Structures are given as C-alpha cells and as structure tokens.
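A.B. asks: Please construct the entire structure, taking both the sequences and the accompanying hints into account.
Here are the chains, one letter per residue:
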Amino acid sequence: MQYDDPKFWRAGAISTTVVMAIVLVMLTIDSLGAINPGGSHVPPYEVINRHIDYAHNRKLGRDMPIVGADEPLFGKPVTTAEATGLIERGKLVIQSRACIDCHTFMGNGAYYAPDLTKAWLDPAWNTWMAITGAESKEEAMARFLMTPDQYSTWQRRMPNLNISRDEAVATVAYLKWLSAIDTNGFPIHFGRMKVGE
Amino acid sequence: MSRSKNLAVRYLAAAVLFFGVMTLSGLMSAIYYINPDFLFGLLHFSVAKMLHIDTMIIWLLMGFMGAVYWFLPEEFGREPAGIWAAELLFWIFVAAVLVVAAIFVFVQWGPGTETTLWLVQQGRKYVEAPRWAAIGVALVMLVFAWNVVGTAVAARRVTGVMAVMSVNMVPLVLLYLIAFPKIDNMAVDLYWWWWLVHLWVEATWEILIGCIMALAMMKLLGTSRQIVEGWLYIEVAMVLGTGILGLGHHYFWIGTPDYWLGIGGFFSALEPLPLLGMVVHAVYDAGVHRMQTTNRPAFYWTLAEAFGNFLGGGMFGFMITLPQLNLFAHGTQWTVSHGHFAFWGAYACGVLSVCYIALQEQRGLARVNGSGWVWAFVLLNTGLIGMVGSLLVAGMAQAFFERAIGGSTLEAFIAGQENPWFMLGMYSRFGFGLMFGAGYVVLAFNLLGLGRREAAVAMKPLPAE
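Same order as they appear, the protein sequences are chains A and B.
Positions in the first sequence are counted from 1; adding 3 to them yields my numbering.
Positions in the second sequence are counted from 1; adding 660 to them yields my numbering.
Just so you know, the hints here were simulated from the structure itself, not pulled from any lab data.
All of these numbers come straight from a predicted model, not from anything done at the bench.
Incorrect hints may appear among the rest.
What the hints assert, rightly or not - Pairwise CB distance ranges, derived in the manner of DEER restraints: (1) R885(B) <-> G41(A): 54 to 60 Å; (2) D33(A) <-> V1101(B): 50 to 56 Å; (3) Q153(A) <-> P841(B): 31 to 37 Å; (4) S167(A) <-> G1049(B): 43 to 49 Å; (5) R738(B) <-> G41(A): 52 to 58 Å.
Yeah, the Cβ is synthetic: ideal placement off N, Cα and C, and Gly gets one too.
C.D. replies: Here's what the structure looks like:
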C-alpha cells in the first residue's frame, strides 16, 4: 500500500477512531460508577441530612468535601425518598429558571454570576443570615432565592424569578448535596483565603 | 440552478441572518458587564446569553447544511434524495427558531415543572431550546442525514469526501438526542452533556467542516481530489484520535475520577496537531497555485478558517486544557476568550467562505473581488481578535484575583469582577464588539450586493464621445 493512496489513510482513520471509541466506552462505564449517587465521588442524596465541610487533604494534595455528623436541612431529617424528591425538584427549578445562563456549576455556565458548586459552603451566608433575619444558613438561602430583588447585593442583581417556598427549599437541598461532590479540588482554595490577606 | 443549490442559498441566507442576531445579542451581553442595570427587570443577561449562544449553534448548523446542499449535486451529479422534505423543513426550521427566540424574549422562564422544559426552555447551556423545538431540530438532522446518505445510495457511487460525510451523519444525529433528558444528578448530566457539546463541536463538526473545506479547496484552487481526500483521512484520524479522549479535559472538575486529569490533559495537548495540518495544507496549496483564484473573498475566508481553527481552537485550547492551568482558568472569561476564537476560526470563517462560493455561481460572476469584502474581512477579524484579547485579560484577572488569591468564594468572585484589569477587559471587549458588529453590517451589504454593482456599471450606457 502506498502512502499517497488515500485508502492507506482511510484504514488509519477507521482503526484510530474505533480504538479511541472503545477506550472511551470503557472509561465511561467506570466513570458512571464513580459519579452515580453513592459512588466514590458523588454522595447519596441523603447527605443533605449531614454536616458538610471542605478541607485540604494532604495525601491527595487537594481540597475535599468532608461529610460529618447529623445536621438535617431546615432541622428536619428526610428519608431517602424525600431526599430524592427534593433533588429532583431542585434540578427542575435550576433548569426552568436557566440558572446556568448566569451562574456556573462546576465551572460550566455563563460566568456572569458566581459559581454555585460550593455555594452551600460559602462563608458569606453568615452575613446573609443577619441581612435576611434568618436563624439558619438554609433559611437565609431560601429567603434570598424567593425575593432576591429585595436585597442589596452588589452592582449586579439577581432578578426575581418567582421561586416559590417549596422550590426554594428544593434548590437549597440541591446546593447542599452538590457541595458534597468530590470535584478534584475545584474551585481551588475555596473559602480558605480572604481577599486582601 | 438545481433545487439543492437553491435550498443551499436559502440556508446560507438564513445563516447570515441569524449570524446578525447572534452578533446583536452578543453586544447586549457585553453591555450588562459594564452597565448591570441595562434592561434590568425587562430582559436579563441570561436571555441575551441564551440568544447569543443558541443562535450561534443555529447559524453555524444552517451554514454547514447550506454548504452541504451546495456541494451535493456536484459530488453526485444528481439532486439529493428527499430534497422535497429538506425544502419543506427549511421553512419549518426557520419558523421554529423565530418562535423559540420570541419565547426566550417574552416568556423567559417558567415554574419548576416538566411542562416548562417542554414548552419554554430546558435550562441546559447551548441546548436551552424547549423539547418541542429540539424534536424539530432532530427531525431536520434526520432528513439532512437522509439527503446525504440516501443520495450516495441512489447514485450507487460515493467519493471519499462524501463517504466521510455520510458516516459522520450517524454521530451528528445520535449525539443530538442527549439534548432531551432531564438528569437530576448534575455530575451525570454534565458527563453526557459534554458528549453532546464536545463530541459534536470538537469531533463531528470538525469532520463536517473538514469535508466542506476539502470541497471548497478543490473548487477554489483546483487541488486534486487524491490529495484532498488523503489529507481528509489524516485529519479524521488525528481529530478523532485526539478529540475522542480529549473529551477528558471537560471531566477534570465535574465529580469524575482524577484519571481524567492525565487522559484529558494528554490528548487535549495533541488536539492542535490536525489543525496545524490544515494550516500546512492550506498554505501549501495556496502557494503551489500561486494564490490564483477567481474568488478572493472565499479564498481568504478559507485561509482565515485554517489559521483561526489552529490558533483559536488549537493553541488557545492547548493553553487552557492543561489541568494545572485549567484549575485556575476554567469557568472564567479565559474560557470565553478561547470559545470566541475557536468557534470563529473553526467554523464561522468556513461558512462565510462557502457563502461567497455559492454567490459567485448563483449570480454568474466570472471573478469576485472588490473593496467591500476586504472591509468586512478586516473589521470582523480585527474585532474578533480584539475581543479575544480583551476577554483573555479579564480572564487572567479572574484567575489571579478570584481563584489564586481570593479563594473562589462569592466575595472573591466580586473582587475579581470589580478588578480594574477585569473591567478594562470588559470595556475593551465591548469596543471591539462594536467593530465586529460594523464588520457584520459591511459583510451583509457586500453579500447582498455582490455582483450587482458590477452588473449595474456594465449596463450603464457609455457617455458619447
């Protein structure tokens, strides 16, 4: 076979594509096992009943979520079915309001508003508890989501998206679960350094 | 002209129209960064953003389809199979895009129910179109595939370029089906969503534009089919050989195992190679043929495609997909900078090249040249490169101040966005965006009037001596 014969390169194109596609399928099977709820990287939905923290893992050399003691969302433990329902509803709210077209999730989205991957762990919510008059972080988040236009944030404001109480609760549950996913250390340095320090 | 070529011109005209909508909504998106109160409570950033990125997908897709319908009868010597269905679907496709755009502007969002996903929008980047419209796009893709594959079957012969294009139709249709499901688990959702976005954009679209550019090179420079097809196979091998596992650079931070850092980083670093090959191919052919062509705008847009694809998609992609850098740059305006350069270089320039090729034949022009296209070419490319540079400055400011120093929290995000370097980038991006917009206006007028001015001059009676 001659190098200047297109058929030689056609054989190369077909074999390369087939080999790479097979490798991708094998990696996909393994990855889906790791990212299904309860897999090595993604917690089960009931994790919203627990305290979630974020700390540097010296052995792995990156930040990792830490699942701690019981800390039910809104002070009320939920069953597996209830947690699944909340996550399902929360995702519907996120999609129906096109959150990803302003915010980012795991760095994917529109870059106009903050990344929400670790929003649950953001130290700013302590301040927002005082601003909204809420007694817990989750309550502050829910109140903000329902009427964001009532609060002064910064130059860019979040519009009122007519999010109901139930929808806000489900969205907060979703963000808490999301923060417990092991994202290989992204976003880096989360909450460990303050601007100006 | 054949029915297929008439349909091609309609598709290319629609593509240029939606290119304008994309440009306008892009300018609007840029304004929000320098005036956050712009249209607040009426039409928020997210709506402009959806219009900007969704019309980008649509105009490029329509441009590809126009290009394919243009070359199909030349490749097979006959009208495409099922051309009547393609003609019918064209108008349905355009009407559906306009209805979806109206829904985005006037309805914007709905309650958190499946009904919203079916009727209003799906809230997934690039595929926000509601499911009813997504079904329409899938139908258009199916008929498009039938037109290509069915014609090859009916003609009982197939060229190498059309064989590659026919096989490429299978993933083009199948991957789009990922636009439909609502997956609760964000990690799994993003995993499959990247199959759609990456394997469409960085694999099937690359192959499709490779086929289109191969046909354009034969048309513009008279390059031999044997050389073009050999290069096309090499490109397919390299694009898919690096691009399929290059998908891994999207799996660094979505919850997937950390082996993707190595796999994605390695194969992404190789992704510029086929694009460099295209540059070599374009420059060599242009040199061998002494840059002689009867259609200079088409030729220069082809060269812009080769260089833009390599620099914007390849080199900017190489820079941002190294995991060590991506940890800081991912999800910042750095990504936006790469995205603008890559889509422009890889696809937009190619579609514009085909627009000029089609118009030359449709209007019976022996030569296409003049100053109009030069102004459009310079304004569009300078505007685009200016935007890319501006966004890069803004993105680097974000990477430094929000990520590396700030710690990626809400407070750090705000500090990054208010940083003078970031704001300089945003003002500069808007300025270059205006230049790009001016380039679009010149381009549209140039395409509309191409050949007509010369014809008018030719028809004008000579003054009596």
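A.B. asks: Evaluate each hint against the coordinates.
C.D. replies: Evaluated hints:
1. The given range of 54 to 60 Å is respected by R885(B) and G41(A), whose C-beta atoms sit roughly 55 Å from each other.
2. Taking 50 to 56 Å as the suggested C-beta distance range, the pair D33(A) and V1101(B) conforms, at roughly 51 Å.
3. A beta carbon spacing of about 35 Å between Q153(A) and P841(B) agrees with the range 31 to 37 Å that was offered as a hint.
4. Separation of S167(A) from G1049(B) is about 44 Å and conforms to the stated range, judged on CB atoms against 43 to 49 Å.
5. Evaluation of the 52 to 58 Å hint for R738(B) and G41(A) yields a pass: the beta carbon distance comes to about 56 Å.
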